[in-house]
Each structure stands twice: as C-alpha cells, then as structure tokens.
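> Order-wise, the sequence lines are chains B and D.
Counting in numbering that gives the first Met the number 0, the first sequence runs from 0 upward without gaps.
Counting in numbering that gives the first Met the number 0, the second sequence runs from 0 upward without gaps.
It should be emphasised that the hints constitute simulated quantities derived from the structure, not laboratory data.
Backbone N, C-alpha and C define an ideal beta-carbon position, used for all residues, glycine too.
Certain hints may be false.
One-sided and incomplete, this derived list gives chain D residues near chain B with beta-carbon spacing under 7 Å [stated by the list, open to error]:
1. VAL41
2. ILE123
3. PRO127
4. PRO131
5. VAL133
6. VAL134
7. LEU137
8. PRO149
9. ASP152
10. ILE240
11. ALA246
12. THR268
13. LEU288
14. LEU289
15. THR296
Chain D stretches covered by chain B per the calculated footprint, using a threshold of three residues with CB under 8 Å from any CB of chain B [to be verified]:
16. 104-118
17. 278-284
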Amino acid sequence: MGGPLMWTGLIIATLFAMGPFFWVLLASVKTRVELYAAPITYIPTHPTFQNYVDAWTSKLTPFSTFFANSLWVSSVTMVATIVISTLAGYALARFRFVGKNTLMLVFLATQMFPAVLLIAPLLSQWNALGLIDTYQALIYSNFSMTVPFTVWMLVGYFESIPRELEESAMIDGSGRFGAMLRIIVPLAAPGIAATAIFAFVSSWSELLFATTFTSRTDMRTLSAGLLYMVGQYEIQWGQLGAGVIISTVPVAILFIFLQKHLIQGLTAGALKG
Amino acid sequence: MGNHQASVAVSAPRPFLSHATRETIANYMYLLPAALCLGGTVLVPILRAIHMSLYYNVLIKPQEYRFIGLGNYVRMVHDPVFWLSLKNSFVWVFAAVSLQFVFGFAVALVLNAKFRGRAVFRTINLLPWIIPGVVVALIWEYIYQPNYGPLNDILRRIGLMREPVAWLSELNLAMPAVIFTNIWRGIPFFTIMILAGLQAIPDDVYEAATVDGAAVLQRFWHITLPMLRPIIVVSTATRIIWTFNYADLIFVMTSGGPANATQITSTYTLMQAYSDLDWGYAAALSVILLLIMLVFTTCYLKVSKGVESVAG
Chain B
0 MGGPLMWTGL IIATLFAMGP FFWVLLASVK TRVELYAAPI TYIPTHPTFQ
50 NYVDAWTSKL TPFSTFFANS LWVSSVTMVA TIVISTLAGY ALARFRFVGK
100 NTLMLVFLAT QMFPAVLLIA PLLSQWNALG LIDTYQALIY SNFSMTVPFT
150 VWMLVGYFES IPRELEESAM IDGSGRFGAM LRIIVPLAAP GIAATAIFAF
200 VSSWSELLFA TTFTSRTDMR TLSAGLLYMV GQYEIQWGQL GAGVIISTVP
250 VAILFIFLQK HLIQGLTAGA LKG
Chain D
0 MGNHQASVAV SAPRPFLSHA TRETIANYMY LLPAALCLGG TVLVPILRAI
50 HMSLYYNVLI KPQEYRFIGL GNYVRMVHDP VFWLSLKNSF VWVFAAVSLQ
100 FVFGFAVALV LNAKFRGRAV FRTINLLPWI IPGVVVALIW EYIYQPNYGP
150 LNDILRRIGL MREPVAWLSE LNLAMPAVIF TNIWRGIPFF TIMILAGLQA
200 IPDDVYEAAT VDGAAVLQRF WHITLPMLRP IIVVSTATRI IWTFNYADLI
250 FVMTSGGPAN ATQITSTYTL MQAYSDLDWG YAAALSVILL LIMLVFTTCY
300 LKVSKGVESV AG
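Throw the hints in and build the complete structure from the sequences for me.
Right under this line is the structure:
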C-alpha cells in the first residue's frame, strides 16, 4: 500500500485536521479591519500581536488570570491524582481484598460517568460547603474524572511488574511502602507519566465544572474564561482567536513531546480488553 | 532484629490487634485516598442526585422547596423536549460515531504505511483530539460564522451558495453542523486505536497470505478485520457511551438550540441545572442518564467479555 492514492489521502486528512486550527491562528494576528473585511481575507497583510496583548491584559476577560488558574488547578489535580492512584493501583495489584472484583468494576463503571450526571448534586454540595469560586471545588470535581481511569490503568501496569522485585527488597529489611517507592514506582514511571499527562490535559480542557462552579471572573480557568468571553456582547474574533491559541499551545506542546506515553497507556488498556 | 527482653519474667502485653489484622488495615490505607475521592465526588453525589430528584428544588424559588416524590419523573414523561432530546441523542451518537469510525479507520490505514516523516503526520492528525472541547467548539463556531467565517466564503467563491447561511441558527442545519464538528474532533481517537491494532498484526500473516495468492481486498477482509475485531468493539462501545454524554460541544456552540434542534439529553440536563436553575428536575434527568449509562455499561461489559472469550 503506497503510491499516489495514499499520499493524496494523507494530504487531505492532514489539511482537514490542521485547517481549522490554522484559520484561527491567522485570525489571531489580524487587525480589526482585516477581521471584518468583506470579502474576507485569509493571509493577513499586516500581522499584529495586538490581539494577544489585549487578551492577556484585558480587564473584562484577563487571560493572564485564566492561564494562571488553569495552570494551578491542572497541576494540583495532576499531582494529587498521581499520588492517589499510584497508592490505590499498587494496592489493588498486589494485595488481596474482599470484594476486589467488585471494586475494580466500580472503578471501571465510574469512568463512564459524565460530568453532566454529577453537575446538579455537586453544585448543590459545593454550594452548601461554601466552596463556590474556590480552587478546591474544581480540583475535587476533577478527581471524579481522573482518578477512576488512572487507577484502572495503573493496576494493569503494576500487575505487569514481577512481585519478586519488592519481595526481595522486603527480605533485605525494607518496609512494603519503602519497597514500593524505591523499586516499583521507578519501574512504573512510563505508566505513571501517562496518567500524569492524562490528568493534566483532562483538567486543562475541563469545561462544565469550571463554568458551573465559578461566578467570579478572576476564578475562571481558560475554558470557563473563553466561554465567558463569548457570552459578552459581540464576539471579538481577534481576541478570541488569541485566547484560543493561548489555551491550546501548552497542551499541544505537552502532547507533541509526550504522545508516545499517552498513546501507549491508552491502547495497552484497550488491547488487553 | 534483636529485641531485648526484660530479665524479669513479665509477659509482654499482647498487641491489641494481631499482626495480620494490622497488615490488612495498612493495606486498606493504600485504598483510602482513592476511596474518599470516589466516594465524595461520584458516589455520594449520585445518591444525593437521587434524593434531590424527589424534591421541587428551584434555586430562585426557595420558598416552594418541598417533597414531591415522583413528580419530576412524571413531568419528564410528559415533557416533549425530553423525548426530543432522546431522539437527538440517538442521531448525534449514531451519525458522529459511525463517521468518526469510518474516517478514523481510513486515516489509520494511511498512517500504517511505512514512510519517512510518518511521525510528524501522525502527530498532526492527532491534534484535534487533544485540543480542549471549548476550543474546538469556538474554532468551528468561527468557521460556521455566516459573514466572517471561511466556510460560507469558500462555498460562495466556488458558486455553491448565494445567500449566507447561518449554520448554527438554521433549524435543519444546526445538528449536522455540530455533528460534523464532533466528527472532526473524534477521528483521531479511532485513528489511534485502529493504528495500534493494525501495528499489532504481525507481518508474516500477510506475507503467508500473499504467497497463497490473496489479493489486497481479500487480505483486508479475511485477515485485517477479524484481527481488529476486539479493538473495534472496545473503541466503538467506549466512544458511543462517551459521545452520548458529551455536552461541551453543543453547550458552547448552540446551547441546545435553535428551538432544541440540537438538544441532547446530556445538554438538557446541563441546561436545567445551570440555566433554568431547576435542580430538582436536573437531578431527575441525571438519574435517568445514570440508568441509561448502567444499561449501556452492562451491555458493553457483556460484549467485551464475549469478544475476549472468542479472541481467546
């Protein structure tokens, strides 16, 4: 399989995948005049970064604040998720528990639970606890999304590491926890890295929780900020374009460098069935 | 590990718990954080949703808060928007997933070939999947913009359109438009899955078939497809469940409009909670969503177990 047919297909597919993104990238460097010109222009004749400056320093939709919020919430979610799911994944892989199979099924099933299902009760819950407009509400809510999947993934990973490794360490006098930290965790690093990326990217992209649980502009994440921006009066396409690029570049770069791990983790689980 | 025993023959007090019990407790401690997470952010909210669904609970009418039993569910049965949302959900899932699958498969076949620069093309083709949902929605909202967006511009320049069409505001065009965006976003998912499956098929299987005189199409039908069956089933089932619940795109692009043309059950639930502030009704819808989810998940587990046993 090769030749012109394949190359045609490849070019079409790649243009299709990249095209929309390029359109917005070009729009983000256009001046107001060019954005609203008729007929519309494609390549800007006077590219400018003004839109980015406006978006970053805007009082109404401060992307600098949105970016900082996204970074904080995603980072904390990622670190906490890794700790929580490494502990749980290790335990489920190594120890015998009463009702272990049921527990595994629960982790599998809760992966499928959408945010929509949880929005109403979580909103009521966070409201009652006074956690609206806090980072905590977003971070805890994100766990509902990240922990089930990462535990599921890491159980498989830990199971593939032979027990003898930590058992020999424990014979030498190390405790179970120490053996886990010093021997097993470094070996499981690729799997843990994949779950870390997954947790970070999921939190970064998360929209529903971020929009529903925040009302103050300065507490919004990039996702909620973008949505908020669209809700105001007429859409400023230039600034919106800049905001879109600001929101996407970090995860795109992360993905480009770490895609192998993420894909491996994802497909390993699926191929095992 | 020498422990100095006292020379006085006093028996050491028995520890309150045996070693085995202490070890069991320690083991459960590993699970505790995850259990707290799951409990506090998934299980308790679900129970709470069931409880909330039995009350009239509208945020802006706190004085009318009262127990109404199955009242919200009765309202749902008589709610035409609810039934419309179920129909829309079916269209949404069926159209989006089937086309994502077909095109994702095609791209995977192309990317499976060995050529220089393949990694770059692969990364580019996977990007739509990694972009946040709200970003995808806004990019396409811009593309569909009647006066400033490129879609109408291109269609007009090649003569297929005279009057600008407002894709997301037209009753019959809104759903196809959002479905198309969803397809764009979802193709990489199938590309990744099918590609992984394709690369797991050993070359010698194909070589043996070629030696036996099998043509390209025959190899595809009799070797490739059967060997891909497990991953096709798993990825399609996962995608169906996921797409059914996916509210972000429609929420941002159309909020379920125009006139509920793009309202799927998950976005309807969201709008009730977020926009109408009818938490009781939203909770009831959530419970129904949960039941649908459980049915899907049970079927999925049965199907994937069945596939596993066949694949061996």
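> Compare the structure with each hint and give your call.
The hints, checked one at a time:
A hinted interface residue such as VAL41/D counts as satisfied when its beta carbon comes closer than 7 Å to some beta carbon of chain B; here the least separation is about 5 Å, so the hint holds. Here the hint on ILE123/D is kept, as its CB sits about 5 Å from the closest CB of chain B, short of 7 Å. With a cut of 7 Å, the hint placing PRO127/D at the interface with chain B holds, because the nearest CB-to-CB distance is about 5 Å. Taken as an interface hint, PRO131/D checks out: its beta carbon lies about 4 Å from the nearest beta carbon of chain B, inside 7 Å.
A cut of 7 Å between beta carbons decides the hint on VAL133/D: the least distance to chain B is about 5 Å, and the hint holds. For VAL134/D, the interface hint holds, since its Cβ comes within 7 Å of a Cβ in chain B; the closest pair sits about 5 Å apart. A hinted interface residue such as LEU137/D counts as satisfied when its beta carbon comes closer than 7 Å to some beta carbon of chain B; here the least separation is about 6 Å, so the hint holds. Because the closest C-beta pair between PRO149/D and chain B is about 6 Å apart, less than 7 Å, the hint holds.
Hint on ASP152/D holds. Least Cβ distance to chain B is approximately 5 Å, under the 7 Å limit. Interface hint at ILE240/D: satisfied, since its Cβ lies 5 Å from the closest Cβ of chain B, which is below the 7 Å cut-off. With a cut of 7 Å, the hint placing ALA246/D at the interface with chain B holds, because the nearest CB-to-CB distance is about 5 Å. Given hint, THR268/D at the interface with chain B, holds; its Cβ is 5 Å from that chain's nearest Cβ, closer than 7 Å.
At about 5 Å, the closest approach between the beta carbon of LEU288/D and any beta carbon in chain B falls short of 7 Å, and the interface hint on this residue holds. Contact between LEU289/D and chain B, as hinted, is supported at the beta carbon level, the nearest pair being about 6 Å apart and thus within 7 Å. Satisfaction of the interface hint for THR296/D is found here, the shortest Cβ-Cβ separation to chain B being roughly 6 Å, below the 7 Å cut-off. Coverage of the segment 104-118 of chain D by chain B holds [criterion: at least 3 residues with CB-CB distance below 8 Å; count 8].
Residue count for the segment 278-284 of chain D with a Cβ under 8 Å from a Cβ of chain B: 3. That meets the three needed, and the coverage hint holds.
The structure agrees with every numbered hint stated previously.
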